Every structure is written in C-alpha cells, then in structure tokens.
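Participant: Here's the letter readout for the chains.
Protein chains: 2
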Amino acid sequence: MVVKVYGPTYASPKRVVVCLIEKEIEFEAVHVDLFKGENKEPEFLKLQPFGSLPVIQDGDYTLYESRAIIRYFAEKYKDQGTDLLGKTIEEKGLVEQWLEVEAHNFHPPLYNLVINVLFAPLMGATSDQKVIEESDKKLEKVLDVYEERLSKSKYLAGDFFSLADLSHLPFGHYLVNQTGRGNLVRERKHVSAWWDDISNRPSWKTVLQLYKYPV
Amino acid sequence: MVVKVYGPTYASPKRVVVCLIEKEIEFEAVHVDLFKGENKEPEFLKLQPFGSLPVIQDGDYTLYESRAIIRYFAEKYKDQGTDLLGKTIEEKGLVEQWLEVEAHNFHPPLYNLVINVLFAPLMGATSDQKVIEESDKKLEKVLDVYEERLSKSKYLAGDFFSLADLSHLPFGHYLVNQTGRGNLVRERKHVSAWWDDISNRPSWKTVLQLYKYPV
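Order-wise, the sequence lines are chains A and B. Letter 118 of the first sequence, counting from 1, is numbered 118 in full-length UniProt numbering, and no numbers are missing. Letter 70 of the second sequence, counting from 1, is numbered 70 in full-length UniProt numbering, and no numbers are missing.
None of these hints come from the bench; they were simulated from the model. Just so we're clear, the structure is a prediction, and the values are computed from it rather than from any experiment. Any given hint could be a false lead.
[To be verified] Label pairs and their in silico Cβ distance ranges: (1) A:88 - B:34: 42 to 52 Å; (2) A:111 - B:34: 19 to 29 Å; (3) B:43 - A:1: 49 to 59 Å; (4) B:111 - A:133: 16 to 26 Å.
[What the hints assert, rightly or not] Calculated pairs, BS3-like style, for lysine-lysine (alpha carbon to alpha carbon, straight line, at most 27 Å): (5) B:152 - B:137; (6) B:4 - A:87; (7) B:78 - A:76; (8) B:189 - A:46; (9) B:46 - A:141; (10) B:36 - A:137; (11) B:189 - A:87; (12) A:137 - A:189; (13) B:152 - B:212; (14) A:212 - A:23; (15) B:78 - A:87.
[Stated by the list, open to error] So the derived list for chain A, only partly shown, Cβ under 7 Å to chain B, looks like this: (16) 59; (17) 61; (18) 62; (19) 71; (20) 72; (21) 75; (22) 83; (23) 96.
Virtual Cβ for every residue (Gly too), placed ideally from N, Cα, C.
Turn these sequences into a full structure, and let the hints guide you.
Facilitator: See below:
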C-alpha cells in the first residue's frame with residue numbers, strides 16, 4: 001500500500017515529499033485546501049487534532065509533524081535510497097542538532113517574513129513592519145552562523161547531505177525566490193553554494209514540478 | 001570521562017539533565033550565568049555559536065540543542081537505564097511526533113507566558129498583555145488535545161514514558177508552579193494525572209534538588 005501524504009502543495013508537507021523521493025518510497029497525494037478551511041473539518045481533525053499539515057498514512061499508521069515524519073521514513077528505510085541520517089551515532093547527533101537549529105533558529109524568522117511579506121498583502125491583511133525588521137535581523141545573524149559552519153563542512157551536519165539540509169528546502173525556496181531576500185543567501189559565499197547544491201537535487205526539482213506552491 | 005552539561009540551572013538544560021539521570025549517565029555541571037552574559041563570550045560561542053543553552057561535551061564531542069542532545073543520549077545508551085525511545089519504529093515515530101508537538105505547540109505559548117508573567121516583572125520590563133492573552137488561549141487549546149490523547153494512552157507516545165513526556169518537564173514545572181496557571185493542568189483530569197506521574201519520577205525530583213531554577 002502506498003504512503004498517503006496530505007497537503008503536498010503547502011511548504012511543510014514538501015519536507016515530507018522530498019524525503020519520500022530521496023528514499024524512493026511510493027506515495028500518493030491527498031489534497032487539503034487550507035484556504036477553504038478543510039484542515040478544520042472533523043474528518044481531518046481525527047487525523048491531526050491541531051488542524052495542521054502535513055499528515056501521512058503508511059498503511060493504518062498515521063503520523064503528523066513534518067520533522068517527525070521525515071525521521072520516521074529515514075529510519076524505516078535506512079538502507080533504501082539516500083541515507084539521510086549519518087553513519088554513526090555522533091553524525092546522527094549532528095543531524096539532529098541542525099534539524100533543531102532549522103526548526104528553532106532558521107524557521108521562525110523566515111516564517112514571519114513569509115507571512116508578512118508574501119501572504120499578508122495577498123490576503124488583504126496589514127503587514128507588521130516591526131516583525132519584518134526584527135525577522136530580517138534575526139535571519140541575518142542565523143545565516144552568519146551558517147556561513148561559518150558551511151565554510152568548514154559541505155553540508156550542515158558534515159560532508160553528507162542529510163535531513164538537516166533537506167528540512168531547509170521548502171521555506172528556503174520562499175526565502176530565495178519569493179520574498180525579495182535572495183541577497184541574504186547570495187551575499188554569503190558558502191551558504192549560496194550550499195543552497196545551489198541542495199536546491200538542484202533532482203528530488204527537489206521533482207517536488208517543484210509535481211506540486212506548485214499555493215503562493 | 002564524564003559528560004559535561006553547560007547551564008543546568010536553566011530550564012532547557014534541565015531537559016538534558018533529567019535525561020542523563022534516567023539513562024544513568026555520569027555528568028558534571030558547568031555553570032553559565034546568562035544574567036552576566038557569559039553565553040555571549042567568545043569562549044562560549046565557540047561551543048554554541050547562537051549563544052544558547054544547553055551544550056554538552058561527551059569526551060571531545062560537542063553537541064547543542066536540548067532535544068537533539070536527549071535523542072543522542074537516548075540512542076547511544078539505548079540499553080542502559082530507562083528506554084526513552086520506544087521499541088519499534090512505529091513507537092519511535094510517535095515519540096518523535098510528540099517531541100515535535102512539545103516543541104511547536106506546547107512550548108511557544110508557554111515560553112511567552114514565562115517571559116511575560118514571570119521574568120518581565122522581575123527584570124523591570126513591561127509585560128505584554130496581548131501576548132499573555134493569546135498565549136493563554138493557545139495553551140488551553142493545546143492542552144485540550146493533550147487531554148483527549150491522554151484519555152487513550154497513559155503517556156503521550158503510548159503506554160510508555162519517553163523523551164516526549166520528559167521534554168515537557170522543565171517548562172511544565174513553570175506552568176504548574178510559578179505562573180499562577182496550575183489550573184490549566186488541574187482542570188484536565190488526564191493531563192493532571194499525567195503531570196503528577198511524570199513530575200514525581202525520582203529523576204525529576206533529583207534535578208530539582210540539584211539545580212534550583214534561577215527564577
């Protein structure tokens with residue numbers, strides 16, 4: 001039975017889709033329209049009680065939270081497709097560290113930028129300029145640390161592509177291509193080379209072809 | 001060589017300390033005073049470039065981000081002390097899911113409450129009433145989902161204590177004991193029983209005895 005992925009047009013579920021492609025796992029999409037509030041309907045809330053995307057179903061096993069799902073598939077199919085976890089416990093620890101950095105340092109200011117720079121104007125809402133300024137500053141500092149790190153290793157957790165890098169793709173795409181802030185990446189030599197490397201992987205190009213972003 | 005844990009008086013590092021005790025791993029504390037800005041000094045930034053706590057050193061291996069560190073030790077010492085990961089890949093997936101829920105649903109509103117209700121008045125700063133109200137509402141909704149979940153299984157990931165439960169202890173302690181919001185837990189029968197269970201574990205009592213919270 002193929003894996004079902006809910007909501008693959010949206011950014012966070014793309015984390016899961018690119019992982020499934022790297023791991024050569026068959027899947028099918030179940031579309032969920034957030035703009036119509038389909039994520040708040042009772043049937044969906046039975047799968048994901050917080051009303052968030054993504055959710056996957058692997059047979060009768062249901063799992064949510066994108067970074068939990070990618071860990072699950074990376075481990076379940078450890079010997080299939082690209083190894084995304086590292087070979088030793090120490091390498092895996094660094095993959096976990098940089099997955100956490102993505103979630104807690106990179107993602108929050110970028111998410112705020114995507115909401116305020118990209119979505120708010122489209123939805124007729126007011127952009128919060130103070131949030132935009134603070135988020136820009138935070139993201140610059142974060143990317144300075146990335147630049148230093150990537151001057152020493154090709155990828156975040158070491159010299160191997162891992163879940164830690166993969167997890168940056170969906171919102172990194174917004175940052176580079178749709179918020180008018182590609183310069184934050186391009187001004188940093190090693191971050192720029194790293195972004196070109198990971199965003200040119202065939203798996204990510206396939207994701208972009210299969211599922212257009214809603215915005 | 002014993003493990004070094006930086007900053008164990010603060011909340012996030014306590015996640016690591018309680019894990020080390022559950023796993024019966026010897027450790028020693030390295031104190032870092034955030035109020036004196038010791039986390040921004042060059043020597044510390046070499047270990048943790050974002051200037052955050054905790055950091056650990058396991059021999060010559062350095063790792064940061066509390067939830068990465070607890071995964072590392074839970075896996076490195078899988079067969080020692082309490083198993084905190086689950087027995088199957090499916091159980092482990094649910095541990096990961098609820099670790100992510102802790103990080104992305106439970107923690108952010110609670111962190112905002114701790115800052116605005118507890119720290120701001122002590123530091124002579126102004127509490128943001130709007131943030132407090134929004135955080136209270138978010139946390140209530142999150143705990144409603146927990147109540148439903150914990151009516152079906154004794155712990156978050158199933159009928160076994162895991163990293164997912166453990167990760168709630170340091171800020172759960174603030175919620176129940178120091179923000180005047182113990183009622184959010186006590187009004188929910190299953191959440192209340194779960195909190196009593198996990199916060200009465202000898203490991204957590206030891207943490208509280210060894211390292212007083214700074215506030």
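Participant: Each of the hints needs a verdict: does it hold here or not?
Facilitator: Structure-based check of all given hints:
1. A:88 - B:34: 42 to 52 Å: 32 Å, violated
2. A:111 - B:34: 19 to 29 Å: Roughly 26 Å apart at Cβ, these two residues keep to the hinted range, so it holds.
3. B:43 - A:1: 49 to 59 Å: Hint holds: Cβ distance 54 Å, inside 49 to 59 Å.
4. B:111 - A:133: 16 to 26 Å: Between residue 111 (chain B) and residue 133 (chain A), where Cβ atoms are some 22 Å apart, the hint holds.
5. B:152 - B:137: 24 Å, holds
6. B:4 - A:87: Holds, at about 24 Å.
7. B:78 - A:76: 18 Å, holds
8. B:189 - A:46: 21 Å, holds
9. B:46 - A:141: Holds, at roughly 15 Å.
10. B:36 - A:137: 23 Å, holds
11. B:189 - A:87: 44 Å, violated
12. A:137 - A:189: The given pair, whose Cα atoms are some 19 Å apart, holds under the 27 Å limit.
13. B:152 - B:212: 34 Å, violated
14. A:212 - A:23: 21 Å, holds
15. B:78 - A:87: Judged against 27 Å, a Cα distance of about 17 Å means the pair holds.
16. 59: Hint violated; residue 59 (chain A) Cβ to chain B Cβ min 10 Å, cut 7 Å.
17. 61: 6 Å, holds
18. 62: 9 Å, violated
19. 71: Since chain B brings a Cβ to about 5 Å from residue 71 (chain A), closer than 7 Å, the hint holds.
20. 72: With a minimum Cβ separation of about 4 Å from chain B (threshold 7 Å), the hint on residue 72 (chain A) holds.
21. 75: Holds. Min distance 6 Å.
22. 83: 16 Å, violated
23. 96: 4 Å, holds
In this structure, the hints that do not hold are numbers 1, 11, 13, 16, 18, 22, in rising order.
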